[in-house]
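Q: Listed here are the chains, written in short residue letters.
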Amino acid sequence: MLRVCLRGVKATAQKSSGRIRLTNVQQCREYTTGESSGASRVVAAGLLTVTGGIGGTIIYAKWDHKFRAAVEKNVPYSEWLLGLALGPASQDAGLPIRKQMESIQPPSMMEKQMRTSKAKSEKKLKETTEPALSQPTQNIQAEASAEATQIISAISEVQSIPAPCDTEPAAAAAAVLQETESAGAAEPLRERSAEEVAARLAQQNQDEKDIIASLSARLDDSLASSAKATLQAIGAQEAALQAITQHTHKLKEAMETEGPTEEKSTQWKDLEAALADRTTSVNVAKTALVKANEALDGLKSVIDKSRGLKITAARPLILAAEENLHKMVVDLDKVVSKVQSAESEAKIVAQYTELVNEAKQQFQREVSSLTPEIQANWKGLTGKLSTDDLNALIAHAHRRIDQLNRELAEQRVRGQIHMEAALEQQRAEDQKALDKAVGTATQHVKEEARLDQERKLAELREVIEAEMRTQLRRQAAAHTDHVRDVLKVQEQELRAEAEQDLSSKLLEQETRYRQLTQEQLDDFTLDMNAAYARLKGVEEAIDSHVEAEEEARKAHRLWLSVEALTYTLKTASAESPSMPLEDAAEAVRASCVDNDFALALTSALPEESLKRGVYSEASLRARFNSLRSLARRVALIDESHNTLYQYFLSYVQAALLFERQQEVPPTQLRSEDLDPFKLLSYASYCLEHGDLELAAKLVNQLRGEARRVVEDWLTEARLTLETRQVISLLSAYANAVGLGTTQAP
Amino acid sequence: MSEKELGKKLDRCLADGVVKLGTGLGLGIVFSVLFFKRRTWPITLFSGAGLGMAYANCQHDLRSHYLLHTSEQQEQ
Numbered sequence: 007m008l009r010v011c012l013r014g015v016k017a018t019a020q021k022s023s024g025r026i027r028l029t030n031v032q033q034c035r036e037y038t039t040g041e042s043s044g045a046s047r048v049v050a051a052g053l054l055t056v057t058g059g060i061g062g063t064i065i066y067a068k069w070d071h072k073f074r075a076a077v078e079k080n081v082p083y084s085e086w087l088l089g090l091a092l093g094p095a096s097q098d099a100g101l102p103i104r105k106q107m108e109s110i111q112p113p114s115m116m117e118k119q120m121r122t123s124k125a126k127s128e129k130k131l132k133e134t135t136e137p138a139l140s141q142p143t144q145n146i147q148a149e150a151s152a153e154a155t156q157i158i159s160a161i162s163e164v165q166s167i168p169a170p171c172d173t174e175p176a177a178a179a180a181a182v183l184q185e186t187e188s189a190g191a192a193e194p195l196r197e198r199s200a201e202e203v204a205a206r207l208a209q210q211n212q213d214e215k216d217i218i219a220s221l222s223a224r225l226d227d228s229l230a231s232s233a234k235a236t237l238q239a240i241g242a243q244e245a246a247l248q249a250i251t252q253h254t255h256k257l258k259e260a261m262e263t264e265g266p267t268e269e270k271s272t273q274w275k276d277l278e279a280a281l282a283d284r285t286t287s288v289n290v291a292k293t294a295l296v297k298a299n300e301a302l303d304g305l306k307s308v309i310d311k312s313r314g315l316k317i318t319a320a321r322p323l324i325l326a327a328e329e330n331l332h333k334m335v336v337d338l339d340k341v342v343s344k345v346q347s348a349e350s351e352a353k354i355v356a357q358y359t360e361l362v363n364e365a366k367q368q369f370q371r372e373v374s375s376l377t378p379e380i381q382a383n384w385k386g387l388t389g390k391l392s393t394d395d396l397n398a399l400i401a402h403a404h405r406r407i408d409q410l411n412r413e414l415a416e417q418r419v420r421g422q423i424h425m426e427a428a429l430e431q432q433r434a435e436d437q438k439a440l441d442k443a444v445g446t447a448t449q450h451v452k453e454e455a456r457l458d459q460e461r462k463l464a465e466l467r468e469v470i471e472a473e474m475r476t477q478l479r480r481q482a483a484a485h486t487d488h489v490r491d492v493l494k495v496q497e498q499e500l501r502a503e504a505e506q507d508l509s510s511k512l513l514e515q516e517t518r519y520r521q522l523t524q525e526q527l528d529d530f531t532l533d534m535n536a537a538y539a540r541l542k543g544v545e546e547a548i549d550s551h552v553e554a555e556e557e558a559r560k561a562h563r564l565w566l567s568v569e570a571l572t573y574t575l576k577t578a579s580a581e582s583p584s585m586p587l588e589d590a591a592e593a594v595r596a597s598c599v600d601n602d603f604a605l606a607l608t609s610a611l612p613e614e615s616l617k618r619g620v621y622s623e624a625s626l627r628a629r630f631n632s633l634r635s636l637a638r639r640v641a642l643i644d645e646s647h648n649t650l651y652q653y654f655l656s657y658v659q660a661a662l663l664f665e666r667q668q669e670v671p672p673t674q675l676r677s678e679d680l681d682p683f684k685l686l687s688y689a690s691y692c693l694e695h696g697d698l699e700l701a702a703k704l705v706n707q708l709r710g711e712a713r714r715v716v717e718d719w720l721t722e723a724r725l726t727l728e729t730r731q732v733i734s735l736l737s738a739y740a741n742a743v744g745l746g747t748t749q750a751p
Numbered sequence: 036m037s038e039k040e041l042g043k044k045l046d047r048c049l050a051d052g053v054v055k056l057g058t059g060l061g062l063g064i065v066f067s068v069l070f071f072k073r074r075t076w077p078i079t080l081f082s083g084a085g086l087g088m089a090y091a092n093c094q095h096d097l098r099s100h101y102l103l104h105t106s107e108q109q110e111q
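First to last, the protein sequences are chains A and B.
Each residue of the first sequence is one higher than the one before, counting from 7 in our numbering.
Each residue of the second sequence is one higher than the one before, counting from 36 in our numbering.
Only chain A is shown next, with the shape it has when bound in the complex:
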């Protein structure tokens, strides 16, 4: 059946293995046939994933620099590959920031330019002269560029906190600063928070300086421009004046001189030229004046604006500018008044010339009416005239003279009236002119006074400042003196106090010292006594120690000898007894010469053990095992039963009787326990469990032949037991003595 099963199992195993092999082969074949396509597919897929991974990493590294850095750090040759693909990493990081910075700056510059140009145009009310315009814009540009350079240089120093005063350039500067600072590292902001105030002050100073600089520049500009304009105006006015005077002079000349007609015509031509000159120069002067006025107005507005800023440091500048303005205004007015007076004079002369011309013409008409054939310039024709004409002319002349005399008289009267009227008119005009002059003069005076006042105010302020400073210094000096005095007094007081303290303390210290010394002496004597006593005690202790040591040494020696004795017991081999204990016992005796107990114990050692040695328990045990069978065999034999037949019966009994090899002995032996077989089994048990004493006791209960047989064993056992007991006692005693002598730590 088993075989059948086995066979069946084998068969099935074979079949299954065959199938498996087949399937394996089939699968292998499948693998082999599909292997090529499968492998190529796998290889292709692998390559694709790898390239895709690498390409993706490169693209992502191009986009995210942190990722690139991480990849370069972690993958060994990636930096080479990424460097090939994308270019070095550091440039990419640096360029954008710089570009940002650059992009920030131009817009700010442009912004500023636009802003400042707007402001300038507002201030200057649309400049008329291009050079004037271009100059300010150039100045603005220069200013802006200067400011920009200032800002760029100050980036490393100044904090990115916007300035407290809200001026345009400062705001623009702050904006630029902020942008550049934010573009750069943000850490200095956090680290420099403690220097904010200083930085702010510096910034304020810087701003003020900037403002003042700009202000001064502007003032200078406007001053220069207005000065130029005024100079131009003045020049023009003076030219006009010159022209007018020349013209009037020429006119006067032309009127008064009576020369030949060519000269006259040249004179008239000159006059006309002079007139034209005058008109042009007057126009030029007018335009120049207008310009100058505009410039002055502009300057004034600039001054007002700068005054509105209320910066103390700029006041002298403003003051100077104002003075200049005033001077220019005054000069301009002077020149204008001169020109006006010249013009009025010219008007008078012109009127005079007109009148003269009119009279001439009138006379000519009259003469022509009288003598039509006489031509206009009748003076040259005096040689060609006839007597009639002459008489007529003389009569006419007389008539004319009469007429003229009458007219003269009339004129005198009228003239008086006219004179009065003219005087009145003149007075009125004069008054007007006077008023105007007075007005302008008062204005000028007022201006001067105001300027003076301001100057005086400034001086006074300075003086007061100086005074204040001196006073403060004086006060400070006084304060220091006072403080010094107070300190001196305090020092005195403190010194006195300290000295007092010191003396008292010294006294105290002295008394204490004396006390201490006394105490010390007492203590010293006490200590000496104590030390002496201690010394004595120590000596005693040492002596006792020495004794104790001696005792300890003795105990130790005793212990050692006892140990040696114990050891000699162990020298017992399986069959032979131990070495004789004589020497060890001698050693023990030697080590306890004054110890009665130990001596007694040592003497209690049995002779046999001393001479011959003792058997070990193991040997006794072995011996007992052999004894046991013998004792069993002679169990029936005793005094009464000791025939040979009894011996035979005893042997048979031993052969047929089975008892337990080992039996636990009872605590109390009963009578039926005294059976030798039982006793032997008890004894065997005791021996097996190491209780030689009990075994000996039990064996001692054997009677008869069995007893005789085990007699020797019993004596040996007794001997061993005795020796062991004595030795254990000695050892215990030695241990006790040793414990007694050892000092507890």
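There's no promise every hint is true.
[Stated by the list, open to error] In silico DSS-like pairs for lysine-lysine, Cα to Cα no more than 25 Å straight-line:
#: 1; chain 1: A; residue 1: Lys684; chain 2: B; residue 2: Lys39
#: 2; chain 1: A; residue 1: Lys333; chain 2: A; residue 2: Lys234
#: 3; chain 1: A; residue 1: Lys617; chain 2: B; residue 2: Lys39
#: 4; chain 1: A; residue 1: Lys292; chain 2: A; residue 2: Lys333
#: 5; chain 1: A; residue 1: Lys462; chain 2: A; residue 2: Lys333
#: 6; chain 1: A; residue 1: Lys234; chain 2: A; residue 2: Lys344
#: 7; chain 1: A; residue 1: Lys215; chain 2: A; residue 2: Lys306
#: 8; chain 1: A; residue 1: Lys270; chain 2: A; residue 2: Lys366
#: 9; chain 1: A; residue 1: Lys703; chain 2: B; residue 2: Lys39
Source of the hints: derived by calculation from the structure; they are not laboratory data.
Please arrange chain B on chain A, whose structure you already have, making use of the hints.
A: Using the frame of chain A, we list chain B on its own:
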């Protein structure tokens, strides 16, 4: 050793027995041959006697410890 005494005794008994039996046998044979016309009874007699003597000796030997001699008794 006390335990070896018995063994020694038994050895002695055995030796003694063998000797006595041999001697008896020998004497018996001699006597049977010499005096009793080759009858078996002296052989058996003498061997028996020898054996008996051996037994008695053995027993005595084994008992010897328990026997109090008169001299000892007298001394006690």
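Q: If a hint holds in the structure, say so; if it does not, say that too.
A: Taking the hints in turn, this is what the structure says about them:
no.	hint	in the structure
1	A:Lys684 x B:Lys39	holds (23 Å)
2	A:Lys333 x A:Lys234	holds (13 Å)
3	A:Lys617 x B:Lys39	holds (23 Å)
4	A:Lys292 x A:Lys333	holds (20 Å)
5	A:Lys462 x A:Lys333	holds (18 Å)
6	A:Lys234 x A:Lys344	holds (20 Å)
7	A:Lys215 x A:Lys306	holds (22 Å)
8	A:Lys270 x A:Lys366	holds (15 Å)
9	A:Lys703 x B:Lys39	holds (22 Å)
Hint check: no violations occur; every hint is consistent with the structure.
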